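Novice: So the chains spell out like this:
There are 2 protein chains.
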Amino acid sequence: MMELHFLGTGSCYPSPKRGASCIALRHENAGVWLFDCGEGTQIQLQKSEVKPGRINKIFITHLHGDHLFGLPGLMCTIGQNNLPEEKRIDIYGPRGLGTFLRTSLSVSASQLGYSYCVHEIVESDSPSCEISLDSDAKLHPNEIQPPRVIKMSKPNKWQICESAGLKVDAYFLEHAIFCVGYVITEDSLPGKLDPTLLRSMGIPPGPLYGKLKRGETVLLEDGRVIEPSSIVGPPRKGRVLVILGDTSNSETMLPAVKDVDVIIHETTVENELETLAVERGHSTPGMAGKFASMINAKMLIINHFSQRYKALDSELKEGDVSVTKLLEQAKECFTGEVVAADDFKIVSIKIPQ
Amino acid sequence: MMELHFLGTGSCYPSPKRGASCIALRHENAGVWLFDCGEGTQIQLQKSEVKPGRINKIFITHLHGDHLFGLPGLMCTIGQNNLPEEKRIDIYGPRGLGTFLRTSLSVSASQLGYSYCVHEIVESDSPSCEISLDSDAKLHPNEIQPPRVIKMSKPNKWQICESAGLKVDAYFLEHAIFCVGYVITEDSLPGKLDPTLLRSMGIPPGPLYGKLKRGETVLLEDGRVIEPSSIVGPPRKGRVLVILGDTSNSETMLPAVKDVDVIIHETTVENELETLAVERGHSTPGMAGKFASMINAKMLIINHFSQRYKALDSELKEGDVSVTKLLEQAKECFTGEVVAADDFKIVSIKIPQ
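Residue numbers (the numbering used here), protein chains in the order written: chain A, 1 to 353; chain B, 1 to 353.
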């Protein structure tokens with residue numbers, strides 16, 4: 001199971017119709033990982049199927065308030081759940097994240113009831129954030145250590161973490177402030193059993209199928225030894241998911257990122273406003289569609305809409321424009337599947353056949 | 001016009017049914033003043049009649065997240081409005097508030113488009129907040145100066161500000177962390193005209209009435225000189241409004257606070273849970289009613305309900321308890337008018353006759 005739950009799909013600020021940025025990734029092994037955490041995320045979570053207590057990693061693309069300001073409140077509310085004693089949340093994002101969280105939780109005297117650790121992505125050649133990140137600073141009682149620093153591993157690329165069969169990398173994106181996009185790559189999946197071959201060899205369906213699928217050699221009652229390689233196809237490529245932060249140029253991820261299952265790309269405003277969009281560090285559906293084609297994506301999900309765009313199914317009054325316009329513009333530039341995000345939409349990412 | 005707009009009436013965290021703490025005071029001369037600013041306040045404002053651009057003062061009772069974490073986002077969103085060039089917001093609250101706001105706005109590179117100034121209420125004999133408040137710290141570009149410090153003027157009392165015919169004082173309240181209640185005292189109002197007397201003297205209704213009411217001497221066409229004191233009653237006492245933060249003991253305000261028009265008192269849980277409530281720094285309706293009687297209040301508004309209590313008009317399922325229970329318990333201990341707050345409720349405070 002690998003599901004995307006869109007918890008906030010609006011840009012700039014949260015509104016009653018569209019929350020500020022947050023996407024939850026639910027995965028059978030990984031639990032729940034959040035991507036961005038705008039103000040009101042904890043309210044959106046209460047309206048969703050996602051359980052806050054299951055969150056164990058939070059990835060922040062950049063430190064603008066509409067992607068960040070829900071984090072301290074969410075951290076406090078997670079602590080209201082019945083949590084295992086060893087509960088820990090790892091949080092990844094640009095430099096300054098640790099200070100923001102420590103200050104917020106300290107002045108509010110928040111007691112979390114679990115541990116957290118911040119890992120900061122550091123630009124290689126830019127001045128550091130003006131907020132002091134002194135390692136002598138007094139930690140919050142639930143903070144495991146001062147922020148760990150993640151340095152660039154290749155041009156524009158940071159290796160973020162590997163956990164539960166998923167690898168996460170970050171890539172630099174052009175925006176008004178330092179911003180990254182996250183690429184989540186699933187480990188190879190076991191090959192598929194060939195049931196026709198199995199039946200022709202007289203092997204009955206049952207627990208033996210599971211053993212072979214897991215790569216175990218099987219001894220049949222008649223003495224035959226069955227090697228999984230003779231019956232199971234080659235390992236299959238895991239799914240690849242790209243979740244971008246705000247950007248006026250995602251091509252900074254090229255050529256490293258290619259052949260992905262799903263890309264979530266911001267499309268803050270329509271194509272006609274491209275000059276303004278780029279000036280402010282944002283993208284249009286045309287730009288998102290073009291990039292999805294360049295990286296050979298199977299599915300493009302457009303996201304992060306100016307609050308002026310009404311939801312897909314709204315009744316429109318004169319002068320109203322809806323996300324339908326953005327969706328159609330994206331489809332003009334990308335021949336794969338295109339989906340428009342919306343608050344509480346769930347997209348299931350299937351294993352490719 | 002003096003109106004209270006309840007924007008968030010829930011305790012601990014914001015929910016889809018009940019926002020985190022925030023009350024807006026609308027006043028004909030003062031504009032809009034906010035009291036506390038929990039996460040999601042800017043979303044609640046969008047659902048209300050209160051215009052964010054009119055906010056010019058924000059008072060924070062204490063730094064717990066459910067009273068504070070909406071502040072940075074609200075500050076950013078206020079900047080999206082069309083504001084006068086000299087726009088400025090003054091923010092009052094406990095020590096640590098300035099650092100929280102500066103850190104939040106700085107790491108997020110927020111540009112407000114107006115100025116703000118933080119005034120910190122300092123306890124006299126307790127250690128300062130562990131967050132550094134170094135006056136050399138780099139200010140946010142929209143910050144007017146490092147936090148001004150407001151020191152205790154009398155035992156348990158701080159003189160906060162005087163503006164637009166309203167005086168604000170803060171009083172110490174017992175709670176889990178440093179917390180105050182605010183007392184808003186309106187200047188004396190002009191006396192009322194005696195229309196019967198005016199008619200008997202042959203003075204026709206019209207602009208002369210206004211002049212007399214404003215305290216101006218009037219020369220009639222027939223040569224008579226009318227002094228306002230002969231026609232206008234004595235100045236009337238202005239309205240007094242008390243807005244408390246969270247507390248397990250509001251009697252720390254005695255004997256200074258007395259004879260008030262409206263008191264807003266937290267009643268987090270029902271009377272049966274008083275021991276637990278006090279342990280956690282909170283009050284019950286019984287405690288609120290008793291205090292409202294002690295200070296000779298005309299009206300008690302109960303507020304800040306545990307999210308377990310359903311709204312007054314909800315359909316209850318088995319096991320549900322609604323705010324009705326809290327309201328009835330408060331009425332048992334207070335003979336004046338009792339009102340239960342609810343999100344988006346508006347209470348108009350009339351000039352006493």
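Mixed in with the good hints there might be a few duds.
What the hints assert, rightly or not - Pairs of lysine-lysine residues, derived as BS3-like cross-links and limited to a Cα-Cα distance of at most 30 Å, are as follows:
| hint | chain 1 | residue 1 | chain 2 | residue 2 |
| --- | --- | --- | --- | --- |
| 1 | A | Lys17 | B | Lys345 |
| 2 | A | Lys317 | B | Lys47 |
| 3 | B | Lys47 | A | Lys325 |
| 4 | A | Lys310 | B | Lys51 |
| 5 | A | Lys47 | B | Lys47 |
| 6 | B | Lys138 | A | Lys47 |
| 7 | A | Lys310 | B | Lys47 |
| 8 | B | Lys151 | A | Lys17 |
| 9 | A | Lys51 | B | Lys138 |
| 10 | B | Lys310 | A | Lys17 |
| 11 | B | Lys47 | A | Lys51 |
| 12 | B | Lys138 | A | Lys17 |
| 13 | A | Lys51 | B | Lys310 |
| 14 | B | Lys310 | A | Lys47 |
| 15 | A | Lys17 | B | Lys51 |
| 16 | A | Lys317 | B | Lys17 |
| 17 | B | Lys138 | A | Lys151 |
| 18 | B | Lys350 | A | Lys17 |
| 19 | B | Lys151 | A | Lys47 |
| 20 | B | Lys151 | A | Lys310 |
| 21 | B | Lys47 | A | Lys345 |
| 22 | B | Lys17 | A | Lys51 |
| 23 | B | Lys138 | A | Lys345 |
| 24 | A | Lys310 | B | Lys317 |
| 25 | A | Lys157 | A | Lys237 |
| 26 | A | Lys47 | B | Lys317 |
| 27 | B | Lys345 | A | Lys47 |
| 28 | A | Lys317 | B | Lys211 |
| 29 | A | Lys47 | B | Lys51 |
| 30 | B | Lys47 | A | Lys17 |
| 31 | B | Lys17 | A | Lys345 |
| 32 | A | Lys138 | B | Lys151 |
| 33 | A | Lys87 | B | Lys211 |
| 34 | A | Lys138 | B | Lys345 |
Claimed, not checked - Now the in silico label distances, taken between C-beta atoms and shown as ranges:
| hint | chain 1 | residue 1 | chain 2 | residue 2 | range |
| --- | --- | --- | --- | --- | --- |
| 35 | B | Asn82 | A | Arg88 | 55 to 65 Å |
| 36 | B | Asn82 | A | Pro16 | 13 to 23 Å |
| 37 | A | Ile351 | B | Glu279 | 48 to 58 Å |
| 38 | B | Asn82 | A | Glu318 | 15 to 25 Å |
| 39 | B | Asn81 | A | Asn81 | 30 to 40 Å |
| 40 | B | Thr335 | A | Lys345 | 23 to 33 Å |
Simulated from the structure, these hints should not be mistaken for laboratory data. It should be emphasised that the depicted structure is a prediction, and the values quoted were computed from it without experimental measurement. Note that CB positions come from ideal geometry on N, CA and C, so glycine has one too.
Novice: Are the hints correct? Go through all of them and say.
Specialist: We went through each hint and held it up to the structure:
1. Lys17/A to Lys345/B: holds (21 Å)
2. Lys317/A to Lys47/B: holds (19 Å)
3. Lys47/B to Lys325/A: Holds: Lys47/B and Lys325/A sit about 26 Å apart, inside 30 Å.
4. Lys310/A to Lys51/B: holds (22 Å)
5. Lys47/A to Lys47/B: Roughly 18 Å between the alpha carbons, so the hint for Lys47/A and Lys47/B holds.
6. Lys138/B to Lys47/A: violated (40 Å)
7. Lys310/A to Lys47/B: holds (17 Å)
8. Lys151/B to Lys17/A: With Cα atoms ~43 Å apart, Lys151/B and Lys17/A exceed 30 Å; violated.
9. Lys51/A to Lys138/B: violated (40 Å)
10. Lys310/B to Lys17/A: Distance ~23 Å between Lys310/B and Lys17/A Cα, so the pair holds.
11. Lys47/B to Lys51/A: Holds. Lys47/B to Lys51/A sits at ~27 Å (cutoff 30 Å).
12. Lys138/B to Lys17/A: Roughly 37 Å separates the two Cα atoms, so the pair is violated.
13. Lys51/A to Lys310/B: holds (22 Å)
14. Lys310/B to Lys47/A: holds (16 Å)
15. Lys17/A to Lys51/B: holds (18 Å)
16. Lys317/A to Lys17/B: holds (28 Å)
17. Lys138/B to Lys151/A: holds (26 Å)
18. Lys350/B to Lys17/A: Outside the cut-off at roughly 35 Å; violated.
19. Lys151/B to Lys47/A: Violated. Lys151/B to Lys47/A sits at ~44 Å, over the 30 Å cutoff.
20. Lys151/B to Lys310/A: Violated - the C-alpha atoms of Lys310/A and Lys151/B are around 50 Å apart, more than 30 Å.
21. Lys47/B to Lys345/A: Holds. Lys47/B to Lys345/A sits at ~23 Å (cutoff 30 Å).
22. Lys17/B to Lys51/A: holds (18 Å)
23. Lys138/B to Lys345/A: Violated, because 42 Å separates the two Cα atoms, which is more than 30 Å.
24. Lys310/A to Lys317/B: With a Cα-Cα distance of about 35 Å, the restraint between Lys310/A and Lys317/B is violated, given a limit of 30 Å.
25. Lys157/A to Lys237/A: holds (22 Å)
26. Lys47/A to Lys317/B: holds (19 Å)
27. Lys345/B to Lys47/A: holds (23 Å)
28. Lys317/A to Lys211/B: Outside the cut-off at roughly 49 Å; violated.
29. Lys47/A to Lys51/B: Given pair Lys47/A, Lys51/B holds - Cα atoms ~27 Å apart, limit 30 Å.
30. Lys47/B to Lys17/A: Holds, because 10 Å separates the two Cα atoms, which is no more than 30 Å.
31. Lys17/B to Lys345/A: At roughly 21 Å apart (the allowed maximum being 30 Å), Lys345/A and Lys17/B satisfy the hint.
32. Lys138/A to Lys151/B: OK: Lys138/A and Lys151/B at ~26 Å, within 30 Å.
33. Lys87/A to Lys211/B: With Cα atoms ~71 Å apart, Lys87/A and Lys211/B exceed 30 Å; violated.
34. Lys138/A to Lys345/B: violated (42 Å)
35. Asn82/B to Arg88/A: 55 to 65 Å: violated (46 Å)
36. Asn82/B to Pro16/A: 13 to 23 Å: holds (21 Å)
37. Ile351/A to Glu279/B: 48 to 58 Å: Since the Cβ atoms of Ile351/A and Glu279/B sit about 52 Å apart, the hinted range of 48 to 58 Å holds.
38. Asn82/B to Glu318/A: 15 to 25 Å: holds (23 Å)
39. Asn81/B to Asn81/A: 30 to 40 Å: holds (37 Å)
40. Thr335/B to Lys345/A: 23 to 33 Å: violated (53 Å)
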